[in-house]
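First to last, the sequence lines map onto chains L and E. Count the first sequence with the working numbering and you get residues 104 to 158, in order. Count the second sequence with the working numbering and you get residues 19 to 789, in order.
Hints were generated in silico from the structure; no laboratory data involved. Here the structure is a predicted model, which is why all the values come from computation and not from measurement. Here a beta-carbon is modelled for each residue, glycine too, at the ideal position from N, C-alpha and C. Keep in mind that a hint or two might mislead.
[Claimed, not checked] Per the computed footprint, the stretches of chain L lying under chain E, defined by three or more beta-carbons under 8 Å from a beta-carbon of chain E, are:
no. : region
1   : 104 to 118
2   : 121 to 127
[Stated by the list, open to error] Derived DEER-like restraints, expressed as beta-carbon distance ranges:
no. : chain 1 : residue 1 : chain 2 : residue 2 : range
3   : L       : ALA126    : E       : ASP98     : 14 to 24 Å
4   : E       : ASP98     : L       : VAL117    : 29 to 39 Å
5   : E       : ASP664    : L       : GLN133    : 28 to 38 Å
What follows is each chain in one-letter form.
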Amino acid sequence: MDVLFLLVPLSVVVVFALMAVFAWALDADQFDDLQREGARILDDDGDLDGDQRSP
Amino acid sequence: MTAARLAIAPGARPAPAPEADDREAAWVDDPDPAGGFTTWEDAAEGARVGRSHVRLAGLWCAGCAGTIEDALRSEPGVVDASASYATGRATIVWDPARTRLSSLLAAVRRAGYDAAPDAAASARALRRSEDRKALWRLFVAAFCMMQVMMYQAPVSFAAPGTLSDDLRTLLLWAAWLLSLPVVLFSAAPILRDAWNGVRLRRIGMDVPVAIGIALTFVVSSGATFAPHGVFGSEPYFDSLTMFVTFLLAGRALALRMRHRVADALEGALTRLPAAIRRIESDGTTTMIAPHRLQRGDRVRVLAGEAFPADGPIVAGETEADEALLTGESRPVAKRAGDEAIAGSINLRGAVVQRAERIGGDTRYEAIVALMRAALTSRPPLLRAADRVAAPFLWCVLVLAAIAGVAWSWLDPSRAVWVAVSILVVTCPCALSLAAPSALLAAAGALARRGVLVQRLDAIEAIASIDTVCFDKTGTLTVAGGDVPRLELQPAADALGLDETAVRARVAALATASTHPLAAALAVTSDGVAPSTEFVRIDEHPGFGVEGADRSGRRWRLGSAAWASLGEAATDAAAGPETWLGSPDGVLVARFAFDERLRDGVVASVTQLRAAGVDVRLLSGDAARRVRALADRLGVAAARGDATPADKLAEVAALQARGRRVAMVGDGLNDAPVMARADVSFAIGDATALTRSHADVVLMSRSLADVAAARTVARRAMRIVRQNLAWAAAYNLVCVPLALVGWLPPWLAGLGMATSSLVVVANALRVDRRSR
Numbered sequence: 104m105d106v107l108f109l110l111v112p113l114s115v116v117v118v119f120a121l122m123a124v125f126a127w128a129l130d131a132d133q134f135d136d137l138q139r140e141g142a143r144i145l146d147d148d149g150d151l152d153g154d155q156r157s158p
Numbered sequence: 019m020t021a022a023r024l025a026i027a028p029g030a031r032p033a034p035a036p037e038a039d040d041r042e043a044a045w046v047d048d049p050d051p052a053g054g055f056t057t058w059e060d061a062a063e064g065a066r067v068g069r070s071h072v073r074l075a076g077l078w079c080a081g082c083a084g085t086i087e088d089a090l091r092s093e094p095g096v097v098d099a100s101a102s103y104a105t106g107r108a109t110i111v112w113d114p115a116r117t118r119l120s121s122l123l124a125a126v127r128r129a130g131y132d133a134a135p136d137a138a139a140s141a142r143a144l145r146r147s148e149d150r151k152a153l154w155r156l157f158v159a160a161f162c163m164m165q166v167m168m169y170q171a172p173v174s175f176a177a178p179g180t181l182s183d184d185l186r187t188l189l190l191w192a193a194w195l196l197s198l199p200v201v202l203f204s205a206a207p208i209l210r211d212a213w214n215g216v217r218l219r220r221i222g223m224d225v226p227v228a229i230g231i232a233l234t235f236v237v238s239s240g241a242t243f244a245p246h247g248v249f250g251s252e253p254y255f256d257s258l259t260m261f262v263t264f265l266l267a268g269r270a271l272a273l274r275m276r277h278r279v280a281d282a283l284e285g286a287l288t289r290l291p292a293a294i295r296r297i298e299s300d301g302t303t304t305m306i307a308p309h310r311l312q313r314g315d316r317v318r319v320l321a322g323e324a325f326p327a328d329g330p331i332v333a334g335e336t337e338a339d340e341a342l343l344t345g346e347s348r349p350v351a352k353r354a355g356d357e358a359i360a361g362s363i364n365l366r367g368a369v370v371q372r373a374e375r376i377g378g379d380t381r382y383e384a385i386v387a388l389m390r391a392a393l394t395s396r397p398p399l400l401r402a403a404d405r406v407a408a409p410f411l412w413c414v415l416v417l418a419a420i421a422g423v424a425w426s427w428l429d430p431s432r433a434v435w436v437a438v439s440i441l442v443v444t445c446p447c448a449l450s451l452a453a454p455s456a457l458l459a460a461a462g463a464l465a466r467r468g469v470l471v472q473r474l475d476a477i478e479a480i481a482s483i484d485t486v487c488f489d490k491t492g493t494l495t496v497a498g499g500d501v502p503r504l505e506l507q508p509a510a511d512a513l514g515l516d517e518t519a520v521r522a523r524v525a526a527l528a529t530a531s532t533h534p535l536a537a538a539l540a541v542t543s544d545g546v547a548p549s550t551e552f553v554r555i556d557e558h559p560g561f562g563v564e565g566a567d568r569s570g571r572r573w574r575l576g577s578a579a580w581a582s583l584g585e586a587a588t589d590a591a592a593g594p595e596t597w598l599g600s601p602d603g604v605l606v607a608r609f610a611f612d613e614r615l616r617d618g619v620v621a622s623v624t625q626l627r628a629a630g631v632d633v634r635l636l637s638g639d640a641a642r643r644v645r646a647l648a649d650r651l652g653v654a655a656a657r658g659d660a661t662p663a664d665k666l667a668e669v670a671a672l673q674a675r676g677r678r679v680a681m682v683g684d685g686l687n688d689a690p691v692m693a694r695a696d697v698s699f700a701i702g703d704a705t706a707l708t709r710s711h712a713d714v715v716l717m718s719r720s721l722a723d724v725a726a727a728r729t730v731a732r733r734a735m736r737i738v739r740q741n742l743a744w745a746a747a748y749n750l751v752c753v754p755l756a757l758v759g760w761l762p763p764w765l766a767g768l769g770m771a772t773s774s775l776v777v778v779a780n781a782l783r784v785d786r787r788s789r
């Protein structure tokens, strides 16, 4: 079970990393308008890359 | 109410008159920061950019937000633009050197929507950052809690001798590290509030909680780093993080509720026009921002716009919709000299008004201020739980201290152990959950009936009500809209008119008017060809329609007094009606519009009275009409002609006599009294503001649900009492056990979790029995 001495500290690091990701998402307004993301698929031109759009 | 409904519908905001465009630019581009919708920021390379907040109108789907963003981004000078469908707002970042805000608003209008500057943006930004902080603290606490449980589980559950000391230490270090953000960041507001409370010698709910957090953290840290030290060797990181998470979740919900009230207040404020047409001394019209309006200014108010100030009409005549401010459901005629009220809507022709009272002096602002005052004097949220939990926690602290001191004499190695055990076993979770869980279950049961409870502790108030006050118009009755009854008068025969001939004339006259009653008449005369004998039709606002036939004889359609050339008096008790008068002033026909009773009114009143509840009518409508309806329902106490302040005084007087009052209403004029009442019900088709402020919204639009809500609420309160009794009994048994040292902390933790589960399970019975 010696591997636990590596995995436990690693899990602490992962927890802090995940919290940092959430902090970034919260700060980037991603939780401000949750309704619109669901409806984005219905947009006519969608959010495809520019070069895939018909001219 | 039909007219009022139309007037506040989002689409009713009139498109700006074409000639207004360049004049509107004058105030939109006004760099004066008092407008409050544009902030200036320094961008890269020393350039300045404006960040403007605008309100959007005309969005019908989530995709519209994208269309508006595209339209704005394709404008030159726009740095960034974001629009939100959910809030109906947009933020535009633009370069003042290359464009102006007015041309950006024009771009939105070209895309098929409407946009106006948003002066309340800064307050909303503050609320959003508060919301974010609460969410962030909760996430940190919840996420760390889950991980801490993983680390702590082996330490607590491993059989003696199966967990090596090294591994145990490692797991505890990890748990300690993840508890740090919970205590120092997530729980920081709690610790700070408790510290402030202690400094002011005021006992808040936070003080015992903070001591619990601090003590468990210190003891657990001791167990981690000095397993054989003074704090013993038992860590409680799991209890600590779980406790903080539950606490923060409750606070985040309460914060959301507070912000919704603030949002609704802002919605009321935006009813005043965003731009005002001021008439200058040389007769030209200038668009100005509302805060630049001065006493004595003359302003032009177009049809469909709101009056910007209180003051008399100086030119023109029109009808005003004052339903939201005075409760008068019918349009009120306004002629030169008549007083118009800020916030009421001009329904017909353009008029000139002289502003006499502006800003905070207006009646509109007075009602909003009244509403704010009533809101803040309301008892605090979830006080049921607080009331029991606060003294209880005091006892716990005292007991824990006594036990700690006593055991330090008897057996110093167990002193902290026992004190912490008492803190854990009496963790107030069960007590705190006792009320909210049952209330939540009751709210769910009611929601399935179409009754939305917007404030959980309203259920306690509903259960205790012994007096219900009903508003009349729009609440008990639904006005107009129905087929009007035609009553031919004896004079019709004498003039040789049969029913078809009367209907033909009325159809011709009614279609020439936009009055709500006339509109109903025009619709219901379908199938009868309008008479063609009128060569000219004139509308007299506030009175009726007059048609001249080929020989110049005039027929009138309107009130009894007007149609009979002043011969007959109008009977106010008869309800809405319209008369057709012949050229000689003889009344030929009467159209009676029933004020139809809403569904479930009779059943609701009967049930409430059978349950011993005092039913009252409290209305701004004419006293005689209110009395007539009260007699029909068998209600003794009825009051008419009541202003919002009268209603507030009446409810306050009832409350002073010890009554618990519920108010059922629908208009903005009911909002102050509804905020003051112990509990308020709004009809589902009430104005948006009233709905968002009411404790309960009857989406079913059936008043029978008022009685049903009381039944469910009383059952919920019975279960709350059972829960509180159970939690008290549990604590009475467990605390002595912990005191004598028979209850190790792990058993205390288990007992705490079980007692919470029992409470929640019991609460679910509210729902089951209502099916």
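Problem - Violated constraints from the hint list, given by number and in increasing order - result: Hint 5 contradicted; others consistent.
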